[in-house]
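As a plain string of letters, each chain reads:
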Amino acid sequence: MTRHSETPTDDDERMDFEDAIVSDSEASADERIETDGGVGTPFEVVSEYEETRRDRYRKLYDAYVHAPISIIWRDWRARIGFTIVAIYLLMGTVGPLFVEPTSVTEGPALAAPFETMEYPLGTDNQGRDLLSQTVHSTSTILKMVLSGAVFTVGIGTIIGSIAGYKGGMTDTVLSSITDVFINIPGFPLVMVLGLMFDDQILGNPFAIGVLLSIASWGGLARAIRSQMLTLREESFVEASQAMGIGTSTIVFKEIVPHLMPFVVINLTNAGRKVIFEAVALYYLGILPFQDLNWGSILNQAYGANAHARPDAIHWFLVPMFAIVFISVGLTLLGQSLDRVFNPRVRARHEKTTADVEGDGDGETQTQDAMGV
Amino acid sequence: MTVSETDYQPEPKQGDSILEIRNASVTFDMDRGESRVLDDVDLDIERNEILGVVGESGSGKSMLASALLDAIVDPGVLYGDITYHPPDGSPIDILDLDKQGLKELRWEEISMVFQGAMSSFNPVRKIRTHFVETLDAHDYDIDEGIERTEGILEDLYLDPDRVLDSYPHELSGGMKQRALIALSLVLEPEVLVMDEPTAALDLLMQRSIISLIQEIKEEYDLTIVFITHDLPLVADIADRIGVLYAFEFVELGPTGEILENAAHPYTRLLLKSTPNLEAPIETMQPVEGSAPDPVNVPSGCSFHRRCPLATQECRDVDPGPYDAGGSHVSHCHHWESAREEIPMSYDLKEIDTGSESAKIGKGDTASRTASAEPVVSLDDVEVHFEKEKGFLDMFDEPDVVEAVDGVSMDIYERDVVVLVGESGCGKTTLGKTAVGLQEPTGGSVNYRGHDIWDVKAGDGDGSISWDEIRRSLQIVHQDPGSALNPHRRVKASLEAPLKRWNDDLDGNDRKQRILSLLEHVGMSPPEDYIDRYPHQLSGGEQQRVALIRAMLMNPDVIMADEPVSALDVSLRVEMMDLMIQLQDTFNTSYLFVSHDLSNARYIAEKTGGRIGVVYLGRLVEIGPPDEIIHNPQHPYTKALCWATPELGADNDDDESPIREIDIPDPTNPPSGCRYHTRCAKAREVCRQQDPGAFDIPDDDLHEAACFRVLDDHEYWDSESITEEDELVAQGDD
Numbered sequence: 000m001t002r003h004s005e006t007p008t009d010d011d012e013r014m015d016f017e018d019a020i021v022s023d024s025e026a027s028a029d030e031r032i033e034t035d036g037g038v039g040t041p042f043e044v045v046s047e048y049e050e051t052r053r054d055r056y057r058k059l060y061d062a063y064v065h066a067p068i069s070i071i072w073r074d075w076r077a078r079i080g081f082t083i084v085a086i087y088l089l090m091g092t093v094g095p096l097f098v099e100p101t102s103v104t105e106g107p108a109l110a111a112p113f114e115t116m117e118y119p120l121g122t123d124n125q126g127r128d129l130l131s132q133t134v135h136s137t138s139t140i141l142k143m144v145l146s147g148a149v150f151t152v153g154i155g156t157i158i159g160s161i162a163g164y165k166g167g168m169t170d171t172v173l174s175s176i177t178d179v180f181i182n183i184p185g186f187p188l189v190m191v192l193g194l195m196f197d198d199q200i201l202g203n204p205f206a207i208g209v210l211l212s213i214a215s216w217g218g219l220a221r222a223i224r225s226q227m228l229t230l231r232e233e234s235f236v237e238a239s240q241a242m243g244i245g246t247s248t249i250v251f252k253e254i255v256p257h258l259m260p261f262v263v264i265n266l267t268n269a270g271r272k273v274i275f276e277a278v279a280l281y282y283l284g285i286l287p288f289q290d291l292n293w294g295s296i297l298n299q300a301y302g303a304n305a306h307a308r309p310d311a312i313h314w315f316l317v318p319m320f321a322i323v324f325i326s327v328g329l330t331l332l333g334q335s336l337d338r339v340f341n342p343r344v345r346a347r348h349e350k351t352t353a354d355v356e357g358d359g360d361g362e363t364q365t366q367d368a369m370g371v
Numbered sequence: 000m001t002v003s004e005t006d007y008q009p010e011p012k013q014g015d016s017i018l019e020i021r022n023a024s025v026t027f028d029m030d031r032g033e034s035r036v037l038d039d040v041d042l043d044i045e046r047n048e049i050l051g052v053v054g055e056s057g058s059g060k061s062m063l064a065s066a067l068l069d070a071i072v073d074p075g076v077l078y079g080d081i082t083y084h085p086p087d088g089s090p091i092d093i094l095d096l097d098k099q100g101l102k103e104l105r106w107e108e109i110s111m112v113f114q115g116a117m118s119s120f121n122p123v124r125k126i127r128t129h130f131v132e133t134l135d136a137h138d139y140d141i142d143e144g145i146e147r148t149e150g151i152l153e154d155l156y157l158d159p160d161r162v163l164d165s166y167p168h169e170l171s172g173g174m175k176q177r178a179l180i181a182l183s184l185v186l187e188p189e190v191l192v193m194d195e196p197t198a199a200l201d202l203l204m205q206r207s208i209i210s211l212i213q214e215i216k217e218e219y220d221l222t223i224v225f226i227t228h229d230l231p232l233v234a235d236i237a238d239r240i241g242v243l244y245a246f247e248f249v250e251l252g253p254t255g256e257i258l259e260n261a262a263h264p265y266t267r268l269l270l271k272s273t274p275n276l277e278a279p280i281e282t283m284q285p286v287e288g289s290a291p292d293p294v295n296v297p298s299g300c301s302f303h304r305r306c307p308l309a310t311q312e313c314r315d316v317d318p319g320p321y322d323a324g325g326s327h328v329s330h331c332h333h334w335e336s337a338r339e340e341i342p343m344s345y346d347l348k349e350i351d352t353g354s355e356s357a358k359i360g361k362g363d364t365a366s367r368t369a370s371a372e373p374v375v376s377l378d379d380v381e382v383h384f385e386k387e388k389g390f391l392d393m394f395d396e397p398d399v400v401e402a403v404d405g406v407s408m409d410i411y412e413r414d415v416v417v418l419v420g421e422s423g424c425g426k427t428t429l430g431k432t433a434v435g436l437q438e439p440t441g442g443s444v445n446y447r448g449h450d451i452w453d454v455k456a457g458d459g460d461g462s463i464s465w466d467e468i469r470r471s472l473q474i475v476h477q478d479p480g481s482a483l484n485p486h487r488r489v490k491a492s493l494e495a496p497l498k499r500w501n502d503d504l505d506g507n508d509r510k511q512r513i514l515s516l517l518e519h520v521g522m523s524p525p526e527d528y529i530d531r532y533p534h535q536l537s538g539g540e541q542q543r544v545a546l547i548r549a550m551l552m553n554p555d556v557i558m559a560d561e562p563v564s565a566l567d568v569s570l571r572v573e574m575m576d577l578m579i580q581l582q583d584t585f586n587t588s589y590l591f592v593s594h595d596l597s598n599a600r601y602i603a604e605k606t607g608g609r610i611g612v613v614y615l616g617r618l619v620e621i622g623p624p625d626e627i628i629h630n631p632q633h634p635y636t637k638a639l640c641w642a643t644p645e646l647g648a649d650n651d652d653d654e655s656p657i658r659e660i661d662i663p664d665p666t667n668p669p670s671g672c673r674y675h676t677r678c679a680k681a682r683e684v685c686r687q688q689d690p691g692a693f694d695i696p697d698d699d700l701h702e703a704a705c706f707r708v709l710d711d712h713e714y715w716d717s718e719s720i721t722e723e724d725e726l727v728a729q730g731d732d
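Keeping their order, the protein sequence lines are chains A and B. Each residue of the first sequence is one higher than the one before, counting from 0 in numbering that gives the first Met the number 0. Each residue of the second sequence is one higher than the one before, counting from 0 in numbering that gives the first Met the number 0.
Any given hint might turn out to be false.
What the hints assert, rightly or not - Selected chain B positions facing chain A (in silico; Cβ < 8 Å):
| # | residue |
| --- | --- |
| 1 | V434 |
| 2 | L436 |
| 3 | R469 |
| 4 | R470 |
| 5 | H476 |
| 6 | S481 |
| 7 | L483 |
| 8 | N484 |
| 9 | P485 |
| 10 | A495 |
| 11 | P496 |
| 12 | R499 |
| 13 | Y532 |
| 14 | R548 |
| 15 | M552 |
Claimed, not checked - Where chain B lies over chain A, by a calculated footprint (3+ residues, C-beta under 8 Å):
| # | region |
| --- | --- |
| 16 | 232-238 |
| 17 | 250-261 |
| 18 | 340-346 |
Just so you know, the hints here were simulated from the structure itself, not pulled from any lab data. None of these values were measured; they are calculated from a predicted model. Note that CB positions come from ideal geometry on N, CA and C, so glycine has one too.
Can you build the whole structure from these sequences, using the hints too?
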């Protein structure tokens with residue numbers, strides 16, 4: 000910096016001003032390092048205090064944990080969805096510690112739900128506890144959901160946004176690959192691959208998740224690409240380019256946040272799709288399994304003609320409810336998460352901006368209201 | 000507003016008003032409280048007048064327009080009385096009408112021209128369909144209606160057959176706007192409400208439409224309510240002007256009175272803050288402060304916080320209408336002293352133009368010293384865009400748009416060049432090319448003697464890196480709303496350049512620097528602003544953030560693309576002053592792009608810079624602002640000066656200097672001099688030969704691309720080509 004000018008504020012003001020900063024971030028108070036405060040222009044100002052690690056973590060916590068949770072907690076859909084998903088997460092992680100694994104002839108065959116408190120969801124025709132089966136298969140399913148959803152959305156977003164932003168040859172190549180995957184008949188392919196690689200995927204739910212979503216990222220990539228084509232023309236993108244900011248920063252920090260509501264909905268939808276496909280393939284007996292899971296329970300119930308026997312109908316219903324509930328939970332959560340990415344909603348809930356909110360927002364809101 | 004009936008009767012002459020508005024209020028319920036976006040407005044609109052309604056954005060002027068048609072959108076609620084007096088028959092209370100009654104009133108009695116002609120037509124339907132639908136919805140005879148439409152379109156200098164059979168995208172902005180006016184007239188209304196009808200149009204088109212409005216008013220016997228933010232624009236045609244501030248009228252009176260003898264401080268300050276071509280620039284001053292929030296309008300006079308004359312009375316008592324002579328009404332307790340306390344620019348002109356103007360001499364900028372090396376120099380730059388071809392015409396020649404065609408220009412240290420031109424003339428493309436954001440298809444762009452695209456490709460001599468160039472050339476965009484990423488806080492946006500270029504700073508340093516910068520540009524307390532999202536800032540504040548973001552790069556040249564056109568009139572001078580002040584602090588050069596000659600003049604004159612006039616991709620004239628405005632050499636520059644609306648009632652309506660309203664198709668530009676199709680002085684030689692840039696003899700900085708500059712050119716023996724278009728020329732007057 001070589002520019003020099005008059006100091007815009009006199010010294011007294013500057014002192015007040017810095018005092019204000021100190022009181023603002025009391026976390027930095029425990030590690031004060033005095034530096035030279037004499038500054039010529041506002042373009043050469045540096046802080047008197049070095050940023051501590053704790054400061055940085057506190058800021059990150061505010062931005063990525065506190066704000067999102069306080070926003071979604073105001074929405075009833077989010078609260079329900081969040082609770083359902085949290086229950087499943089608990090079931091998948093700590094559930095197996097509390098619920099013992101079940102074994103054949105552990106209890107009476109086909110006990111109805113709530114008949115005995117020992118088997119609250121009843122048992123199957125071999126006397127295995129359905130609650131225990133449901134709880135123990137949760138973690139497998141969740142692993143599949145996680146890997147499948149992350150794979151779909153990750154590949155889709157990366158391919159789509161790079162194709163859309165870069166354009167030209169990159170776009171042509173990436174779009175062609177995308178088109179190939181869109182046109183592959185996904186389900187039959189998964190069935191074939193499942194049979195081919197049954198050794199590798201046996202007992203590896205992450206691999207199954209990826210396998211199930213191998214052909215499902217194409218649509219998302221296409222949609223992201225087309226959004227990208229519009230967003231890359233925005234002035235703020237050009238301003239970033241003019242500042243010499245790198246392509247990946249522009250794409251993933253400047254532009255992709257605009258697409259986050261869309262990406263998140265796709266994330267939860269991809270998760271649901273993995274569950275449905277996995278259950279369908281287990282039910283059809285195509286995927287190999289060692290332990291029981293929702294799909295294979297359904298398979299066995301069908302094999303035992305449970306759908307035709309009133310006394311065994313709960314054998315069907317328990318895994319079905321397990322599937323429906325997590326699907327509802329994911330849908331609700333996905334729909335409400337878009338609020339987290341809306342800066343207008345976000346500003347209203349964040350701790351750090353709580354006090355400045357109000358006066359600045361008015362004009363735009365009125366203008367919105369007036370349709371200006 | 001407490002109307003004190005004792006000192007003022009709102010109905011001066013009963014009987015000849017066509018619309019009477021009494022105590023009209025519009026409120027919106029918001030989380031933060033009730034927002035009054037129209038506050039107890041009383042207004043009489045007289046039959047066959049043109050009433051100009053002037054107000055800044057967010058002053059409630061569009062609300063007023065919607066209220067006249069009882070078309071306030073939900074959840075807004077309209078109270079009060081609006082009475083319509085038809086030419087024959089009994090008065091109609093508009094707010095009491097049922098659905099059927101409203102349908103008959105809207106469009107048939109009172110119709111409206113909306114702001115965005117672009118979005119007012121359905122893009123998948125032909126223009127004719129829009130007319131047929133309107134006629135059909137109101138049970139009019141369609142054949143008769145279309146016949147009438149053709150007449151109206153002809154009156155608006157449009158070819159009826161061509162326009163009616165076009166899709167909206169096939170028409171230019173000006174044509175669409177005229178078609179929209181025709182659409183609003185097709186049911187023969189009595190009152191026409193025009194909400195910023197020319198806001199999206201170019202100067203020349205704006206001026207032409209303004210004169211058309213006067214003609215159609217006579218022809219169709221209309222009462223026109225013309226709503227705009229641009230006072231000079233309406234000054235030419237309005238019989239009376241009402242000034243809106245903070246959702247109520249502060250002043251209403253005959254145009255001459257308002258312009259020359261305004262009796263409200265706001266009007267006077269607004270007039271002073273409006274850049275124009277004539278008044279000395281020292282007299283142009285911004286209006287301090289900003290308009291109030293509709294939820295929280297100050298008690299008493301709503302202007303008292305910004306008013307230099309405010310007293311305790313203003314804070315406590317809402318000023319009722321004071322009669323300021325004739326039908327001139329002012330809502331100010333101190334209307335009499337306002338006239339003396341706030342002198343207008345034309346009063347000042349007579350007193351003294353001040354010694355300050357003498358300081359900004361021609362020698363001030365480095366551009367004057369011939370030996371100086373330019374920072375950025377454009378050499379015969381061409382930017383041609385190929386239009387996308389369809390699959391079926393793959394064997395045809397592609398359509399090429401010559402956005403910039405053979406422009407040479409130098410920008411020196413601490414220089415200011417303002418590019419002026421109509422939209423679509425390539426001035427923005429030229430600007431972006433100059434700062435290396437658009438690759439030229441021909442010619443070269445040099446930064447301190449290095450071709451920047453060679454350097455980027457790695458063919459430079461290695462003495463300068465692309466990063467260095469990238470850093471030195473910055474841009475400030477037109478629309479501050481989209482120039483800042485809506486998902487990032489002020490802090491994140493401003494941190495980006497620091498993170499990229501100043502690795503040595505940690506988070507606290509960056510924050511401190513951003514805080515002091517925000518304070519420097521007048522956004523205080525900065526702690527309040529740093530964590531805001533762009534939507535929590537006003538337009539002016541957004542533009543300041545965008546400006547300091549560019550300044551953080553410590554650039555040599557900033558290309559500012561219409562930096563003030565998205566701001567309110569009263570804020571423009573302030574923003575331009577800030578930019579000039581920042582230039583002094585940081586030694587940058589500016590390349591401004593503007594469509595408004597008065598803003599261009601303000602900037603260029605205040606900094607001792609130059610104005611460049613761009614027409615269809617060519618630089619047709621460049622020179623110091625004084626020369627460009629008072630001694631324009633190119634006929635196009637003359638036309639621009641003519642079209643720039645001027646304040647002051649003495650408006651000598653001289654002949655239009657253009658022969659054709661519409662700009663030629665840029666994919667197929669005219670041969671020879673590109674302006675010859677519209678030039679009133681064009682001769683045969685203009686059609687054949689392309690004029691280069693010629694020096695004007697009396698000033699070495701002034702150049703124009705017109706044969707008329709040369710005394711001994713064959714132009715003077717060439718035959719005029721203007722006669723054949725005589726008819727059009729008459730039409731444009």
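To see whether the hints hold, each was checked on the structure:
1. Interface hint status for V434 (chain B): upheld, as the beta-carbon distance to the closest one in chain A is roughly 7 Å, under 8 Å.
2. Hint status for L436 (chain B): holds, given a least beta-carbon distance of 6 Å to chain A, under 8 Å.
3. For R469 (chain B), the shortest C-beta to C-beta distance to chain A is roughly 4 Å, which falls under 8 Å, so the interface hint holds.
4. This hint holds: R470 (chain B) has a C-beta 6 Å from the nearest C-beta of chain A, less than the 8 Å allowed.
5. The criterion of a C-beta within 8 Å of any C-beta in chain A is met by H476 (chain B), whose closest approach is roughly 4 Å, and the hint holds.
6. This hint holds: S481 (chain B) has a C-beta 5 Å from the nearest C-beta of chain A, less than the 8 Å allowed.
7. Interface hint status for L483 (chain B): upheld, as the beta-carbon distance to the closest one in chain A is roughly 6 Å, under 8 Å.
8. Satisfaction of the interface hint for N484 (chain B) is found here, the shortest Cβ-Cβ separation to chain A being roughly 4 Å, below the 8 Å cut-off.
9. The beta carbon of P485 (chain B) is positioned within 8 Å of a beta carbon in chain A (closest approach about 6 Å), and the interface hint is therefore held.
10. Residue-level restraint check for A495 (chain B) holds (minimum Cβ-Cβ distance to chain A is 6 Å; threshold 8 Å).
11. Annotation: interface hint on P496 (chain B) holds; nearest CB of chain A at approximately 5 Å, less than 8 Å.
12. The restraint placing R499 (chain B) at the interface with chain A holds, with a minimum CB-CB distance near 5 Å, inside the 8 Å limit.
13. At about 4 Å, the closest approach between the beta carbon of Y532 (chain B) and any beta carbon in chain A falls short of 8 Å, and the interface hint on this residue holds.
14. The criterion of a C-beta within 8 Å of any C-beta in chain A is met by R548 (chain B), whose closest approach is roughly 7 Å, and the hint holds.
15. Interface hint status for M552 (chain B): upheld, as the beta-carbon distance to the closest one in chain A is roughly 6 Å, under 8 Å.
16. Only residues whose C-beta sits within less than 8 Å of a C-beta in chain B count toward coverage, and the region 232-238 of chain A has 5 of them, enough to reach three; the restraint holds.
17. Closer than 8 Å: that is the beta-carbon criterion, and the region 250-261 of chain A has 3 residues meeting it against chain B, so the requirement of 3 holds.
18. Three residues within the 8 Å Cβ limit are the bar, and the region 340-346 of chain A against chain B gives 5, so the coverage statement holds.
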